[in-house]
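Asker: The chain contents come next:
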Amino acid sequence: MPTDIAPASPWSSRAKETLGQNGALGALVVLGIAMAILSPVFLTPQNLTNVGTQAAVVAILAFGQTFVIVSAGIDLSVGSVAALSAIVTGYGASNLGLPAWIAILLGLATGLAAGVVNGILISYGRLPAFIATMAMLSVARGLALVLSNGIPVKVPAEVAFFGSTLGGWLPVPLVIMVVLGVLAAFILNRTYVGRCMYAIGGNEEAARLSGINVGRQKLIIYGLSATFAAVAGLVLAGRLASGQPQAAAGYELDAIAAVVIGGASLAGGTGRAFGTFVGALVLAVIRNGLNLLNVSSFWQQVVIGIVIALAVLTDTLRRKSK
Amino acid sequence: MSQAPPLLQVEGLVKRFPGVVALGGVSFDLVPGEVHVLLGENGAGKSTLIKCLAGVHQSDEGTIMVDGKPVVLHGTADAERLGIATIHQEFNLVTQLSVAENVLLGRQPRSAGIIKPSEMNRVAAQAMAKVGLTIDPRTPVSSLGVARQQLVEIAKALSLDARILIMDEPTAALTDDEVDRLLALMEELRSRGVAMVFISHHLDEIRRIGDRVTVLRDGKSISTVPASTPTHELVRLMVGRSIDAQYPRARGEVGDVLLSVEALTAKGRFEDINLEVRAGEVVGLAGLVGAGRTEVLRAIFGADAFDTGTVTVKGKPSRRRGIARGIEQGLGLVPEDRKHQGLVLGASVADNMGLVLLRDATRAGVVNLGRLAELARRGVESLRIRTPNTKALVKNLSGGNQQKVVMGKWLLADPTVLLLDEPTRGVDVGAKVEIYNLINDMTSAGRGVLMASSDLPEVIGICDRILVMAQGRIVGELSHEEATQATVMALAVQEMESTRAH
Numbered sequence: 001m002p003t004d005i006a007p008a009s010p011w012s013s014r015a016k017e018t019l020g021q022n023g024a025l026g027a028l029v030v031l032g033i034a035m036a037i038l039s040p041v042f043l044t045p046q047n048l049t050n051v052g053t054q055a056a057v058v059a060i061l062a063f064g065q066t067f068v069i070v071s072a073g074i075d076l077s078v079g080s081v082a083a084l085s086a087i088v089t090g091y092g093a094s095n096l097g098l099p100a101w102i103a104i105l106l107g108l109a110t111g112l113a114a115g116v117v118n119g120i121l122i123s124y125g126r127l128p129a130f131i132a133t134m135a136m137l138s139v140a141r142g143l144a145l146v147l148s149n150g151i152p153v154k155v156p157a158e159v160a161f162f163g164s165t166l167g168g169w170l171p172v173p174l175v176i177m178v179v180l181g182v183l184a185a186f187i188l189n190r191t192y193v194g195r196c197m198y199a200i201g202g203n204e205e206a207a208r209l210s211g212i213n214v215g216r217q218k219l220i221i222y223g224l225s226a227t228f229a230a231v232a233g234l235v236l237a238g239r240l241a242s243g244q245p246q247a248a249a250g251y252e253l254d255a256i257a258a259v260v261i262g263g264a265s266l267a268g269g270t271g272r273a274f275g276t277f278v279g280a281l282v283l284a285v286i287r288n289g290l291n292l293l294n295v296s297s298f299w300q301q302v303v304i305g306i307v308i309a310l311a312v313l314t315d316t317l318r319r320k321s322k
Numbered sequence: 323m324s325q326a327p328p329l330l331q332v333e334g335l336v337k338r339f340p341g342v343v344a345l346g347g348v349s350f351d352l353v354p355g356e357v358h359v360l361l362g363e364n365g366a367g368k369s370t371l372i373k374c375l376a377g378v379h380q381s382d383e384g385t386i387m388v389d390g391k392p393v394v395l396h397g398t399a400d401a402e403r404l405g406i407a408t409i410h411q412e413f414n415l416v417t418q419l420s421v422a423e424n425v426l427l428g429r430q431p432r433s434a435g436i437i438k439p440s441e442m443n444r445v446a447a448q449a450m451a452k453v454g455l456t457i458d459p460r461t462p463v464s465s466l467g468v469a470r471q472q473l474v475e476i477a478k479a480l481s482l483d484a485r486i487l488i489m490d491e492p493t494a495a496l497t498d499d500e501v502d503r504l505l506a507l508m509e510e511l512r513s514r515g516v517a518m519v520f521i522s523h524h525l526d527e528i529r530r531i532g533d534r535v536t537v538l539r540d541g542k543s544i545s546t547v548p549a550s551t552p553t554h555e556l557v558r559l560m561v562g563r564s565i566d567a568q569y570p571r572a573r574g575e576v577g578d579v580l581l582s583v584e585a586l587t588a589k590g591r592f593e594d595i596n597l598e599v600r601a602g603e604v605v606g607l608a609g610l611v612g613a614g615r616t617e618v619l620r621a622i623f624g625a626d627a628f629d630t631g632t633v634t635v636k637g638k639p640s641r642r643r644g645i646a647r648g649i650e651q652g653l654g655l656v657p658e659d660r661k662h663q664g665l666v667l668g669a670s671v672a673d674n675m676g677l678v679l680l681r682d683a684t685r686a687g688v689v690n691l692g693r694l695a696e697l698a699r700r701g702v703e704s705l706r707i708r709t710p711n712t713k714a715l716v717k718n719l720s721g722g723n724q725q726k727v728v729m730g731k732w733l734l735a736d737p738t739v740l741l742l743d744e745p746t747r748g749v750d751v752g753a754k755v756e757i758y759n760l761i762n763d764m765t766s767a768g769r770g771v772l773m774a775s776s777d778l779p780e781v782i783g784i785c786d787r788i789l790v791m792a793q794g795r796i797v798g799e800l801s802h803e804e805a806t807q808a809t810v811m812a813l814a815v816q817e818m819e820s821t822r823a824h
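Going down the list, the protein sequences come from chains H and V. Take 1 as the starting number for the first sequence in the working numbering and just add one per residue. Take 323 as the starting number for the second sequence in the working numbering and just add one per residue.
Please note that a few of the clues may not be correct.
[Said to hold, decoys possible] One side only, chain H facing chain V, incomplete, derived with CB under 10 Å:
| no. | residue |
| --- | --- |
| 1 | ARG190 |
| 2 | TYR192 |
| 3 | GLY194 |
| 4 | CYS196 |
| 5 | ALA206 |
| 6 | ALA207 |
| 7 | ARG208 |
| 8 | LEU209 |
| 9 | GLY211 |
| 10 | ILE212 |
| 11 | ASN213 |
| 12 | ARG239 |
| 13 | SER265 |
| 14 | ALA267 |
| 15 | GLY269 |
| 16 | THR270 |
Calculated from the structure, these hints are not laboratory results. For glycine and all other residues, C-beta sits at the position ideal for the given N, C-alpha and C.
Use the sequences and the hints to build the structure in full.
Answerer: Pasting the structure below:
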């Protein structure tokens, strides 16, 4: 994952700097060491790729969510949009008989459209992002149920590829996560819309008075978030080998948690793709670790809640002491 | 006055932040019934000092004594208990709640957790009477203007039995009339024995209300002098050198018309505005607060819509308005409120300086960050912005340097006409002169400047032509030679009276 740190400094001090800047990375290292001690299975290549695969869907959703949170917004609809995109792809291929790649494009376009509608409601309808995307959460989930009649939809083999493994060891979800992570970092750091995210999140009025078309940029930002969600939906459908209308329910909260654990502020203006990546890994390592240790899934929820609170708490305390 | 034992005594106060010594040894004392002025440039340490006194920051060295006893202020509650109340520049009011609830916030009279509204309103009304606030205590604070909100803050402080009132630039956002009223109130409080620490950049106010002045420079207290000390001496103490000219305007040849505004009207805000700005010219918009200066500047720039009229830049009229169009035409706006409208405070100097040129530096959606960084470096150098580097966060710069960053992001875009709204508000004397020199640089390069300012000496000292506004109209024009405080004010007020007579 690219970071912004100058390449001139030696690796060790760079590593220290990165660790110091990102409390989540420290937490991930500590968690990794603890798990390695507690469970002999944890460090096996098979389990590690397993963690990566489990992290992938949430990480992809969270990369999109990072764009929105950096611009001081919130997108609650990503889980529903992910499900709807997968259903549309499956429906297009199975019920309409479209070629697989057109069905996939249709699924991605559905995501983009949902995001653009979010953006229109927020920019031009002046709805708070929380309300607009909460409405979309309901609408997209409902449409997914309507289209699928509430039962899983068959997806073409090309979609199943998204959930498969390359060369017998490299999971495709992992590859897609890394590629989209690099893409998200590039968008945030190097593109016009990315720099606008920081400016709008930092001070929307100053951004507007500097000539940034805030409304148009928000359309793009929510469109990007929902498109990332659509990809996540296809990856999930690939792993499940079908489009499930109830898939990814509640994942929006995991995505927001990953972004926040990664060091972004819900007040906007800060956040990095690498932090989000680490945040998603932290969540996946905890889930995986607790499974390995045979902790009940009921308790897992408790632990994850505590970790989210702790991560943000340590971050706040560290910033205060600076 | 010096016979009375000091109510508050500060000795050798030191406060360090990582990488910066904000206070490097400050000493002063405050006696009952005194208005003690803290004077210094932005970044001299005034804000840090009052935050130490208010218990917001804890000092690293030095002592604070109240009634001759050393105290340690762990938090604002400690300061309040000792009778120290602070009125910060940004008010601490819950604007949705009523005046009474704000005055007694957290201390509302209640029994078993249920508030007794009639008693609350009665107690609050008593506190409000002390500051001459004779409105219904049930009025929501959001419906009050800045001046009255400030009175609510003072009433709240007095109801806490404050013996020491610290006021950070209380007059910055007030009109002249409101300033007069505030100073009268301060005089009354002084006669009742309340001691006040007063921060202001306006030397005339200091002379009117102050007893003693402690000058701060670079985090140290330089000296404490009587408030009657001559201006040039105060300025010398403050900046460590004398400023030859407060308003160094370099007038040159005036060229072609760059900006022409015709019959610009927005119902309810301004009407029939006609003006021209020529190359090499600084045109001033003077008038009372609320006369419509800011509204006119924003409409010309494209930030707000208007009903009728045209804005022509370099002979090209434009029907379509909007900020992007204004910038394309060659306009730039330095807005009046730099924190809320001018800067992304949590972003770096480079990010802020590059904001206007972001679009220009983008090819196929990808920003040329190297070019922006280079431009920011050059801007910081040529504007002499005091910052460790271009990656420093803007919120850590002093007010004057922040304002230079806002100017800088526009100067990098080289606008044909730059619109300035209160360009030196809350900026210290030294940085003001540097900003005036930037204006000189622009006009000598054949650009034009249209500037609105409430600071009359500044308008008279810097502008080549002054348009006076009242009630949304331009009521008169004065050349640089004709303009005095008296002639400008006569125009600004005269129209108000004639409309009142209707």
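Asker: Run every hint past the structure and note whether it holds.
Answerer: Hints versus structure:
1. Using the Cβ-Cβ criterion of 10 Å, the hint placing H/ARG190 at the interface with chain V is satisfied: the shortest such distance is roughly 6 Å.
2. A cut of 10 Å between beta carbons decides the hint on H/TYR192: the least distance to chain V is about 4 Å, and the hint holds.
3. Interface restraint check: H/GLY194 against chain V, minimum CB-CB distance 8 Å, threshold 10 Å, status holds.
4. With a cut of 10 Å, the hint placing H/CYS196 at the interface with chain V holds, because the nearest CB-to-CB distance is about 7 Å.
5. A distance limit of 10 Å between C-beta atoms decides the matter here; for H/ALA206 the minimum to chain V is near 5 Å, and the interface restraint holds.
6. At a threshold of 10 Å, the smallest CB-CB gap from H/ALA207 to chain V is about 7 Å, leaving the interface hint in force.
7. Among the interface hints, the one on H/ARG208 holds; its C-beta lies about 7 Å from the nearest C-beta in chain V, closer than the 10 Å criterion.
8. Because the closest C-beta pair between H/LEU209 and chain V is about 6 Å apart, less than 10 Å, the hint holds.
9. Given hint, H/GLY211 at the interface with chain V, holds; its Cβ is 5 Å from that chain's nearest Cβ, closer than 10 Å.
10. With its C-beta approaching chain V no nearer than about 7 Å, H/ILE212 sits inside the 10 Å limit, and its interface hint holds.
11. A least Cβ separation of about 6 Å between H/ASN213 and chain V falls short of the 10 Å threshold, and the interface hint therefore holds.
12. Interface restraint check: H/ARG239 against chain V, minimum CB-CB distance 32 Å, threshold 10 Å, status violated.
13. Here the hint on H/SER265 is kept, as its CB sits about 9 Å from the closest CB of chain V, short of 10 Å.
14. Contact between H/ALA267 and chain V, as hinted, is supported at the beta carbon level, the nearest pair being about 9 Å apart and thus within 10 Å.
15. For the restraint placing H/GLY269 at the interface with chain V, the shortest Cβ-Cβ distance is roughly 5 Å, inside the 10 Å limit, so the hint holds.
16. A hinted interface residue such as H/THR270 counts as satisfied when its beta carbon comes closer than 10 Å to some beta carbon of chain V; here the least separation is about 7 Å, so the hint holds.
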